[in-house]
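So the chains spell out like this:
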Amino acid sequence: MKFLVCISKTPETTAKIAFTENNTEFDTSGVQFIMNPYDEWYALVRAVELKESLGGEVVAINVGPASNDIIIRKALAIGADRAIRINAEPESALGVAKLIADHAKDEQYDIVFTGKETIDFNGSEVAGMVAEYLDLPFISYASKLEMEGQTATINRDIEGGVEGIKVDTPFVISAAKGLAEQRIPNMRGIMMAKRKPLEVIEPGDIPAPVSVVKYELPEKKEGVKLVDPENMDELVRLLHEESKVI
Amino acid sequence: MSVLVFAETIKGQFKKAAFEAVSYASKVAEKMGADCIALCLGEVNGAGNLGKYGASRILNVNDGALNHFNSQAYTSVIAQVARDIGAQVIILSHSSNGKSLIGRLAVKMEAGSVSGVNALPDVDGSFKVTKGVFSGKAFATYEINTDVKILSLMGNSFGVEETGSAGNVEQMSAEIPSSRLQVTEVEVSEGTVPLPEAELVVSAGRGMKGPENWGIIEELADILGATTACSRPVADSDWRPHHEHVGQTGIAIRPNLYIAIGISGAIQHLAGVNNSKVIVVINKDPEAPFFKAATYGVVGDLFEVVPRLNEALRKFKAEA
Ligand SMILES: Cc1cc2nc3c(=O)[nH]c(=O)nc-3n(C[C@H](O)[C@H](O)[C@H](O)COP(=O)(O)OP(=O)(O)OC[C@H]3O[C@@H](n4cnc5c(N)ncnc54)[C@H](O)[C@@H]3O)c2cc1C
Ligand SMILES: Nc1ncnc2c1ncn2[C@@H]1O[C@H](COP(=O)(O)O)[C@@H](O)[C@H]1O
Numbered sequence: 001m002k003f004l005v006c007i008s009k010t011p012e013t014t015a016k017i018a019f020t021e022n023n024t025e026f027d028t029s030g031v032q033f034i035m036n037p038y039d040e041w042y043a044l045v046r047a048v049e050l051k052e053s054l055g056g057e058v059v060a061i062n063v064g065p066a067s068n069d070i071i072i073r074k075a076l077a078i079g080a081d082r083a084i085r086i087n088a089e090p091e092s093a094l095g096v097a098k099l100i101a102d103h104a105k106d107e108q109y110d111i112v113f114t115g116k117e118t119i120d121f122n123g124s125e126v127a128g129m130v131a132e133y134l135d136l137p138f139i140s141y142a143s144k145l146e147m148e149g150q151t152a153t154i155n156r157d158i159e160g161g162v163e164g165i166k167v168d169t170p171f172v173i174s175a176a177k178g179l180a181e182q183r184i185p186n187m188r189g190i191m192m193a194k195r196k197p198l199e200v201i202e203p204g205d206i207p208a209p210v211s212v213v214k215y216e217l218p219e220k221k222e223g224v225k226l227v228d229p230e231n232m233d234e235l236v237r238l239l240h241e242e243s244k245v246i
Numbered sequence: 001m002s003v004l005v006f007a008e009t010i011k012g013q014f015k016k017a018a019f020e021a022v023s024y025a026s027k028v029a030e031k032m033g034a035d036c037i038a039l040c041l042g043e044v045n046g047a048g049n050l051g052k053y054g055a056s057r058i059l060n061v062n063d064g065a066l067n068h069f070n071s072q073a074y075t076s077v078i079a080q081v082a083r084d085i086g087a088q089v090i091i092l093s094h095s096s097n098g099k100s101l102i103g104r105l106a107v108k109m110e111a112g113s114v115s116g117v118n119a120l121p122d123v124d125g126s127f128k129v130t131k132g133v134f135s136g137k138a139f140a141t142y143e144i145n146t147d148v149k150i151l152s153l154m155g156n157s158f159g160v161e162e163t164g165s166a167g168n169v170e171q172m173s174a175e176i177p178s179s180r181l182q183v184t185e186v187e188v189s190e191g192t193v194p195l196p197e198a199e200l201v202v203s204a205g206r207g208m209k210g211p212e213n214w215g216i217i218e219e220l221a222d223i224l225g226a227t228t229a230c231s232r233p234v235a236d237s238d239w240r241p242h243h244e245h246v247g248q249t250g251i252a253i254r255p256n257l258y259i260a261i262g263i264s265g266a267i268q269h270l271a272g273v274n275n276s277k278v279i280v281v282i283n284k285d286p287e288a289p290f291f292k293a294a295t296y297g298v299v300g301d302l303f304e305v306v307p308r309l310n311e312a313l314r315k316f317k318a319e320a
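So the protein lines, in turn, are chains A and B.
Just so we're aligned: 177 in the working numbering is position 177 of the first sequence, and the numbers increase by one with no gaps anywhere.
Just so we're aligned: 188 in the working numbering is position 188 of the second sequence, and the numbers increase by one with no gaps anywhere.
A couple of the hints might just be wrong.
To be verified - Listed next, the in silico SDA-like pairs over lysine to any residue satisfying Cα-Cα at most 25 Å (straight line):
#	chain 1	residue 1	chain 2	residue 2
1	A	K214	B	Q88
2	B	K27	A	K166
3	A	K220	B	A119
4	B	K292	B	S264
5	A	K244	B	N118
6	A	K144	B	V81
7	A	K144	B	V188
8	A	K220	B	E287
9	A	K16	A	N68
10	B	K16	B	E110
11	B	K52	B	V186
12	A	K225	B	V188
13	A	K221	B	L200
14	A	K214	B	N118
15	A	K166	B	N67
16	B	K315	A	V245
17	B	K317	A	E234
18	B	K209	B	E197
What the hints contain is simulated information worked out from the structure, not anything from laboratory work.
Construct the complete structure from the given sequences, taking the supplied hints into account.
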């Protein structure tokens, strides 16, 4: 089987969030970047596991500049066989999805994997867009995926429960926690990754229907009001009378 | 001019998120001087009630093929209806189904989309709307420059507002594409409000020492009518089910009240909860980082404080 895994680059989870250029640009100074956790821990690992048991090929794809090669090499170290980077700044979800779909449309992938969302822009949009461009079924927030022949059995996270799904390949799936267990690349994987192919493709037309015009940081909290641990009646009173949440 | 809002159901019943989406859509429509038209799909109970939240027309496509969620079929039907009524703005809930639809619909309608918006758009001149980014650590204002705009509304960010009265439901027909995808079962826990919709949340972490101690947490949630949540290591060690895990890599929530018990307040945990309106932190370590994000703090041993809180709440509820 042939699997495509969409990987994105995000600030590391403890990164300090600040903005420059009059609050119109994310301040990247001192920020470390990583592969989006959902893409790495769940989507990529599940694709690699399926390849290991069923045979085939895992291709990692990223839309981004040359500085992203470091996270792409990590995907190769974890087990992708080869990688493609589409050389464009990821400005909007639609732009990213269009470029990925342009590549995928003639490649006959059995499954296209993405993460459930990126932890920076929290979009949850790219996967559905790719699915619509390719006219394929799409299963979001998958926490389990088993294959039998061409038929997949999938659990999808829904509010307060799960939905069970059966679908034949090809399809698009976005990965949530549970789909696989995080893998740490080993030395052999890291050495092999250096020799695996990383193809760079120049982009075609990129739609840009939306753009960020301004960022803001949340208002500072006023500071905590401490309540005597012996006096929980007081806490109940504050919740009821002062903040009116109960 | 019209604003189309898709009102979600599960097993034929509206979700709270549906009423919130309609409330929001009716205000968007008011700002634009447009009609607010609500759409529900499949067999639905009480569709007329959407009128109470501001829908001036209520449409239903009742076809068996729509009784289960299917992103391809739903996208196709919503797009047909949107074209039919000439919708300028389409509003979805930022729920599991909404997240499956927004991208598809954006491609199908050639529309600009912003997912997880948390406030009304600015419609004077250009169309601008804000959402949380960096997992709750900041907000971004987006400008959409296409004719048709699609938004999904973050749960609990606008509120449910009853403004009108129940209306008539118009049945419509639509072409439904066949699909290879089959929903084999839908399993939802009965009785409790799902985390993303919950207004009151009681959450506990590794300070609990073990799953056998969760009785006091469940008791607290029970008295309040709250939903339970937990930190990531708690879910990772299978002390609690993984759908309770909140934070950057879990569920992001914004309840009115979040009570954090025996949770240190690591930045990845805060990322999923710091948009809660009121945060109560109970921790024996006065240096725990969570106190910086708290509205009210209690420094003490949770095994003493929580039973005391339960007692106080029970008394309060009995008097109320
Ligand atoms: C990439 C990445 C993503 C992550 N995503 C998430 C996420 O989504 N959600 C998440 O929660 N975490 C996440 N984490 C983990 C996070 O960094 C913390 O490790 C985690 O939140 C800690 O959980 P905790 O507060 O329950 O445990 P601890 O940090 O061990 O804290 C336990 C707390 O309980 C207190 N305590 C102990 N005993 C008592 C007592 N008797 N009475 C009162 N208080 C007591 C202690 O003082 C302490 O503050 C992520 C980490 C990484 C690296
Ligand atoms: N620049 C990108 N290159 C490749 N894949 C991406 C890119 N951006 C997002 N994705 C994929 O789409 C998923 C969802 O992203 P989003 O819709 O932006 O939240 C991510 O988890 C990735 O799998």
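Outcome of the hint check:
1. K214(A) <-> Q88(B): Given pair K214(A), Q88(B) holds - Cα atoms ~24 Å apart, limit 25 Å.
2. K27(B) <-> K166(A): Between K27(B) and K166(A) the Cα gap is close to 39 Å, so the pair fails against 25 Å, i.e. violated.
3. K220(A) <-> A119(B): holds (19 Å)
4. K292(B) <-> S264(B): holds (11 Å)
5. K244(A) <-> N118(B): Between K244(A) and N118(B) the Cα gap is close to 21 Å, so the pair holds against 25 Å.
6. K144(A) <-> V81(B): The given pair, whose Cα atoms are some 34 Å apart, is violated under the 25 Å limit.
7. K144(A) <-> V188(B): holds (16 Å)
8. K220(A) <-> E287(B): With Cα atoms ~19 Å apart, K220(A) and E287(B) stay inside 25 Å; holds.
9. K16(A) <-> N68(A): Distance of about 20 Å is within 25 Å: holds.
10. K16(B) <-> E110(B): violated (29 Å)
11. K52(B) <-> V186(B): Violated, because 29 Å separates the two Cα atoms, which is more than 25 Å.
12. K225(A) <-> V188(B): Violated, at about 38 Å.
13. K221(A) <-> L200(B): holds (20 Å)
14. K214(A) <-> N118(B): Holds, because 15 Å separates the two Cα atoms, which is no more than 25 Å.
15. K166(A) <-> N67(B): Judged against 25 Å, a Cα distance of about 16 Å means the pair holds.
16. K315(B) <-> V245(A): holds (17 Å)
17. K317(B) <-> E234(A): holds (14 Å)
18. K209(B) <-> E197(B): Distance ~28 Å between K209(B) and E197(B) Cα, so the pair is violated.
Hint compliance for this structure: hints 2, 6, 10, 11, 12 and 18 are broken, all remaining hints hold.
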